[in-house]
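Protein chains in written order, with my numbering: chain A, 1 to 285; chain B, 1001 to 1330; chain C, 2001 to 2346.
Honestly, the hints are just simulated from the structure, not real lab data. A couple of the hints might just be wrong.
[As the list claims (entries may be wrong)] Here are the computed lysine-lysine pairs in the DSSO-like style, where the Cα-Cα straight-line distance is at most 27 Å:
#: 1; chain 1: C; residue 1: Lys2085; chain 2: B; residue 2: Lys1275
#: 2; chain 1: C; residue 1: Lys2210; chain 2: A; residue 2: Lys166
#: 3; chain 1: B; residue 1: Lys1274; chain 2: C; residue 2: Lys2085
#: 4; chain 1: C; residue 1: Lys2210; chain 2: B; residue 2: Lys1274
#: 5; chain 1: B; residue 1: Lys1271; chain 2: C; residue 2: Lys2042
#: 6; chain 1: C; residue 1: Lys2042; chain 2: B; residue 2: Lys1275
#: 7; chain 1: B; residue 1: Lys1271; chain 2: C; residue 2: Lys2204
#: 8; chain 1: C; residue 1: Lys2210; chain 2: C; residue 2: Lys2136
#: 9; chain 1: B; residue 1: Lys1271; chain 2: C; residue 2: Lys2203
#: 10; chain 1: C; residue 1: Lys2210; chain 2: B; residue 2: Lys1275
#: 11; chain 1: B; residue 1: Lys1271; chain 2: C; residue 2: Lys2136
#: 12; chain 1: B; residue 1: Lys1275; chain 2: C; residue 2: Lys2203
#: 13; chain 1: B; residue 1: Lys1274; chain 2: C; residue 2: Lys2204
#: 14; chain 1: C; residue 1: Lys2006; chain 2: C; residue 2: Lys2307
#: 15; chain 1: C; residue 1: Lys2006; chain 2: C; residue 2: Lys2136
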Amino acid sequence: MLTVFRDLFKYDGRFRVAFIFLLLVVIMSILTIVSPYDPKKTFMVPADVAPSLKYPFGTNSRGQDLFWWMTFAVRNSLILGIITAIVSRIIAIFVGMVSGYRGGWPDRFLMSFNDSFVVLPVLPILILLSFLLRGRMNLWALGVVLGLFGWAWDGRLIRSQVLSLKERAFTRTAVYSGTRPLLITMREHLPFVLPVVFATTINNMLWAIGMEVTLSVLGLSDVTLPTIGTAIYWANQHQALVAGVWWWLATPIVVAMVLFLGLYLFFSSVNEFIDPRTRLRRIGA
Amino acid sequence: MSLMQMEDVRAYYRTEAYGISRSVRAVDGVSLELLENEIYGVAGESSCGKTTLIKVISGTVKPPLRVESGRVDFNFGDFEVDMLKISPEDMRQNVRWKEISYVMQGSMSVLNPVRKISRTFEDIVGTHQGIPDKKAFREQMREHVMRLGLPPDVLTLYPHQLSGGMRQRVAIALATVFHPSLIIADEPTTALDVVVQRGVLHMLKDIQAESANTVLLVTHDLAVHANVADRVGIMYAGRIVEEGPTQTIFQAPRHPYTEHLINSLPVIGDKTVKKSLGGAPPNLADPPSGCRFHPRCPLAMDRCRTEMPEMIMLSERHRVACHLVEEGRA
Amino acid sequence: MSANEKLLDVDHVTVSFHIGSFLAGGQLVAVNDVTFALYADKPEIYSIAGESGSGKTTLANVLLHDLEPTEGKVTFEGRDLSTLKSRRDSMQFMAKVQPVFQNPFETFSPLRRVEEYLVETAMQFGRAKNRRDAAKVADEALHQVGLSLAEVSRRYPHELSGGQIQRVSVARALIPNPRLILADEPVSMVDASLRMAIVNLFKKLRDEQKVSVIYITHDLATAYYISDRIAIMLRGVVVESGPVENVLGNPLHPYTQLLQESVPKPAATEREQWAQHIELGSTEVREYGRLGCKYAGRCPHVMDVCKTKVPPEQEVEGRTIRCFLYNDGAMPETASPVQTGNLETA
Chain A
1 MLTVFRDLFK YDGRFRVAFI FLLLVVIMSI LTIVSPYDPK KTFMVPADVA
51 PSLKYPFGTN SRGQDLFWWM TFAVRNSLIL GIITAIVSRI IAIFVGMVSG
101 YRGGWPDRFL MSFNDSFVVL PVLPILILLS FLLRGRMNLW ALGVVLGLFG
151 WAWDGRLIRS QVLSLKERAF TRTAVYSGTR PLLITMREHL PFVLPVVFAT
201 TINNMLWAIG MEVTLSVLGL SDVTLPTIGT AIYWANQHQA LVAGVWWWLA
251 TPIVVAMVLF LGLYLFFSSV NEFIDPRTRL RRIGA
Chain B
1001 MSLMQMEDVR AYYRTEAYGI SRSVRAVDGV SLELLENEIY GVAGESSCGK
1051 TTLIKVISGT VKPPLRVESG RVDFNFGDFE VDMLKISPED MRQNVRWKEI
1101 SYVMQGSMSV LNPVRKISRT FEDIVGTHQG IPDKKAFREQ MREHVMRLGL
1151 PPDVLTLYPH QLSGGMRQRV AIALATVFHP SLIIADEPTT ALDVVVQRGV
1201 LHMLKDIQAE SANTVLLVTH DLAVHANVAD RVGIMYAGRI VEEGPTQTIF
1251 QAPRHPYTEH LINSLPVIGD KTVKKSLGGA PPNLADPPSG CRFHPRCPLA
1301 MDRCRTEMPE MIMLSERHRV ACHLVEEGRA
Chain C
2001 MSANEKLLDV DHVTVSFHIG SFLAGGQLVA VNDVTFALYA DKPEIYSIAG
2051 ESGSGKTTLA NVLLHDLEPT EGKVTFEGRD LSTLKSRRDS MQFMAKVQPV
2101 FQNPFETFSP LRRVEEYLVE TAMQFGRAKN RRDAAKVADE ALHQVGLSLA
2151 EVSRRYPHEL SGGQIQRVSV ARALIPNPRL ILADEPVSMV DASLRMAIVN
2201 LFKKLRDEQK VSVIYITHDL ATAYYISDRI AIMLRGVVVE SGPVENVLGN
2251 PLHPYTQLLQ ESVPKPAATE REQWAQHIEL GSTEVREYGR LGCKYAGRCP
2301 HVMDVCKTKV PPEQEVEGRT IRCFLYNDGA MPETASPVQT GNLETA
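Pulled out of the complex, with its shape left as it was, chain A reads as follows:
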C-alpha cells in the first residue's frame, strides 16, 4: 500500500495535486475539534471584516469567523458525500453482481426495480421531500436519501460488466473447478468490477455534495447546519455581493473548488492505477 502511494506520488502529477488539495480539506475537517467558536452561534466576532491575519477568510455579516465556520462546512459536506457513497455502493454492487451473475428472474426483477430508479427525476423528488421534512432533514437522513437515489446507473454498469465477465472462459474454468457461485463473483469478477466501483464512488460523492449545494442554495435543507451549500445560501440571504462582502461568497466557492478538484484528480489518478490493464502492465504483461 505504501509503495503504491509512493509510486503514484512520484510519477503522477495529478496525484500530487490531488493529495495536497485533499490534505487541506482533511486538515480543515479535523480542525473542527479545536474550533474556538460554535458554528451555530452568531455575532461572536465583529461583522463584515475583510480577510486578514486575524480572520484568514474574513468574517460574515452574521458575526461568524468564516475560517472556523468553513471547517465545519467542509467536514459536513464530506461526511454527506461519504454516507451517500457507502449507501449507494452497497446497493449498486449487490444489485449489479447478483443481477449479472444469476440472470433469469432475479435479474428481471432487480432490473425493473433498477429501471424505475433510473427514470425517477431525482431533483423534484428531493425538493418535495425537503418540503415535507423541512428542518428534520439532518445530514444523515439526507445522505441516506441521496444514496437511495444514486445507485441505479452504477448498478447497471456493474451488471453489464459482470454479464461480459460471465461469458469469459475463466468463469467456466472456475465453474468446472467446483467453485461456488458466490465465490466466483468474489474472486473472478470483483477484481474487474472494483475500478468501476471506485470510479463511481468518487463521482457519487461529487454528485451528493453538489446536490446538497443545490438544495441549500434553494433553502431547502437544514440551513442551520454549516455546509458548503448553506454557506452560499446565507451569503445570498444577506446579499453579500451587493454589500461588498465578496469574501463571504468567495470562500465557499474556493473551498468547493479545492474539494471537487481534489476528489476528481484523485479519482482519475487512482482509477488509472487500479485499472486491470494498468495492473497487468505493472506486473509485467
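Fit chains B and C to the known structure of chain A by using the hints.
Using the frame of chain A, we list chains B and C on its own:
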C-alpha cells in the same frame, strides 16, 4: 530486380509505467530484400516480431515503437524512398494504396461496416486520386472486381452481408485497385476455414501472377507458405534465422529451429510420433544471450550461448544464421 | 465392468435455437440428429471436426451439460444428463467430465495466479482437506503434464507461454480423476513449436491414465495424428464418421473429400492438387435450412434426391456415412428425422 532493401533494422517498443521502463526488442537486426514479382513468406510464432516487421516495412511506426537503427529503401521504379524518413504527406499521396497496400486478418476494419462495398471503394479511390466521373468509375470497379473472379454484386452489399472468405477477397480486391508494387498480407486467412482459406489464397496467387508485383505474406502457418510462397524467411525472437526458396526450406532446412518446425507438422496419412520442442519462445524484453534459440536447441554448443550467429550464405538465395552450419556440423 | 459398457452415449441429439424475433424468425438447427458412443473399457480419442458453424462447439456444450438438447438424450455412465439437477449431481458429473478450453490466455483470470485454480479444484472435489494437501495434489497433476508446481507457483497467466498454460489447464482438468476430457480446439492458439507437446499429452493420457478424450477441432491434420475415431460435421449433421484412417485416409463423402484435400500440406512438392480452383459462395451459405443433404448446394455429384431427403446413416467401407451416392440403389424410405427450419424464407 529488387523492390525493397532492408538493412540491419532494429525496432524496439519502449514503454514506461510508474517508473518501470521496458524495452521490447521486437525486430532486432533484420536484413531483408524483397524482389519484384515474387511471393515472400514470413513465418514465425506469436511475438517473434513479424507484425513489427510489417509496421517497419509499411512505414506505420508509431510510439511506443521506435526504429533504433537501419534503413528500409524502396525502389518503386519511378521513384525511390526511405520508408523510415518519408513524410506523412508523401506517404499518403504517393505510397499508401498506390505502391503499398495492406490486407489483414479479418478485414472488417478496412471495410466500413455502415457503407456499401462500392462506397468504400469510392472513399479510398476518391481520397487518393479523385473521381471525376462517377459512372465510369463504377463501371471500372465492376470490371476490376470481375477480373478478380468475384461476383460484381458484392459491390452493392454491406460488409456484414458477406461471408468471412468473401470479405477477405473483397479486401484483396480493394488492396489491388491501384495495382500496387507491394501487397502486404498479414495473416490473411488465419480466421478462415480450410476450404475458404484455399479460395482466398488462390485469388492472392492469381493476382500476383497476373500483375507480377510483390506479395509479402506473413503467417504462422507453415503449410500455407509451402503452397503459396516463392521464398520463405523464418523468424525467431526478432531475427530472421533462415531464408531460402520454399522448396529448399521445406526439403532441406538447415537451422535446427526450421527443421524442428517442419518436422513437427502433422500430416494426414502420417501417424508417426512427432516430437515437441522444450521451453518456450523467449521474452523479447529480456532475450537470451548469444543465439536466441540456444536454450531450446537440442544441438547447442558453448559458443551458441555467448556469440550471436551471423548470416551465412549457403547458396545465392539460401542463408542461415547458425554456428552449427558455420562449423559444418549440421 | 462388462465389455461394451457405454461411458458416454449420445442418442439422436438435436439442438435448435430460435433466431430472430417472436413473429418473424426461424429455427436454427445447430446440432442435427447426432448419435455416437464411447465405451468404458476402451479409452480413445474421438475427434469432432468441422468448419466454423458446423455445430461442434454447441455439441460440446451439450456434452458438458451446459446446454440441454432439444431432442434426444445424452447418457454418461448410465445416467441421463437431464436428470442432473442439484449441485451434488453436478459435482459428481464434473468429477468425471472435465473441459479444456481453446484460448489459453482466457482460461484463467489474468488477475489471479494459476495455481489457485488447481488448489481450488483439489479442495472442491475432495482430493484434499487443506491447502497443503491440495498443493501436493496439484503438483502430482502438473507432473503428469510435464510441469511441476515449482515452475508455475506464484505465476500469473501472462508469465507462462500459451503451451504451458494449456498444459496447466489439462492438469487442472485431471485433478478430479475424470473419465472423459472434452478439449475444444485446445491447440489452435498455441504456437507450432509447442503444439505437439499438448497433442502428445492427450495420447499419453489415453494410454496411461485410461482417460477418453473428445477432441473438437477444425484442424484435420492434428485430428488425424491423435485420434482413433473421427466425426466430420457439416451444419449440425455428422456426414461421415469412423476410424480416422478410413475417414481421412480415404474419404468417401464429397464434403469430407473437399475438406481433406483443402488442408494445405506442409511440403512444397504437392502444390498442384491444392492449387486446383474451387467454387466459393459469396454470402453466408444458408445451408442450415436445407431440407435434404446440407452439402447438396455445393456437391459436384448432387442428385435430385439429395435436395429433398436427408440421407440416412449407413455403414460403408468401415465407416458411417450420410450420402446417397453410397446407397445401394434402393430409395430410402426415411423421412427427415428432424423438422428443419425455414431459414431461407425467414
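Comparing the hints with the structure gives:
1. Note on C/Lys2085 and B/Lys1275: the hinted pairing is violated, with a Cα-Cα distance of about 44 Å set against a maximum of 27 Å.
2. A C-alpha spacing of about 33 Å is found between C/Lys2210 and A/Lys166, which places the hinted pair above 27 Å, so the restraint is violated.
3. Simply put, B/Lys1274 and C/Lys2085 have alpha-carbon atoms about 43 Å apart, too far for the 27 Å limit, and the pair is violated.
4. As the CA atoms of C/Lys2210 and B/Lys1274 are separated by approximately 21 Å, the hinted pair is consistent with the 27 Å bound.
5. Distance hint between B/Lys1271 and C/Lys2042 is fulfilled; the C-alpha atoms sit about 20 Å from each other, no more than 27 Å.
6. Of the pairs offered as hints, the one joining C/Lys2042 and B/Lys1275 holds, with about 26 Å between alpha carbons and a cut-off of 27 Å not exceeded.
7. Proximity of B/Lys1271 to C/Lys2204 is assessed by CA-CA distance (about 15 Å); at most 27 Å being required, the pair is judged to hold.
8. Pair hint C/Lys2210 plus C/Lys2136 holds up; C-alpha atoms about 22 Å apart against a cutoff of 27 Å.
9. Only pairs whose Cα atoms come within 27 Å are accepted, and B/Lys1271 paired with C/Lys2203 is accepted, the gap being roughly 12 Å.
10. For the suggested pair C/Lys2210 and B/Lys1275, the alpha carbons sit about 22 Å apart, so the restraint of at most 27 Å is met.
11. For the hint linking B/Lys1271 to C/Lys2136, the alpha-carbon distance of about 36 Å lies beyond 27 Å, and the restraint is violated.
12. At most 27 Å may separate the alpha-carbon atoms for a hinted pair to count; B/Lys1275 and C/Lys2203 meet this at roughly 13 Å.
13. With a CA separation close to 13 Å, the supplied pair B/Lys1274 and C/Lys2204 stays within the 27 Å bound.
14. Between the alpha carbons of C/Lys2006 and C/Lys2307 the distance comes to roughly 35 Å, so the proposed pair goes past 27 Å and is violated.
15. Annotation: proposed proximity of C/Lys2006 to C/Lys2136 is violated, straight-line Cα distance about 33 Å (limit 27 Å).
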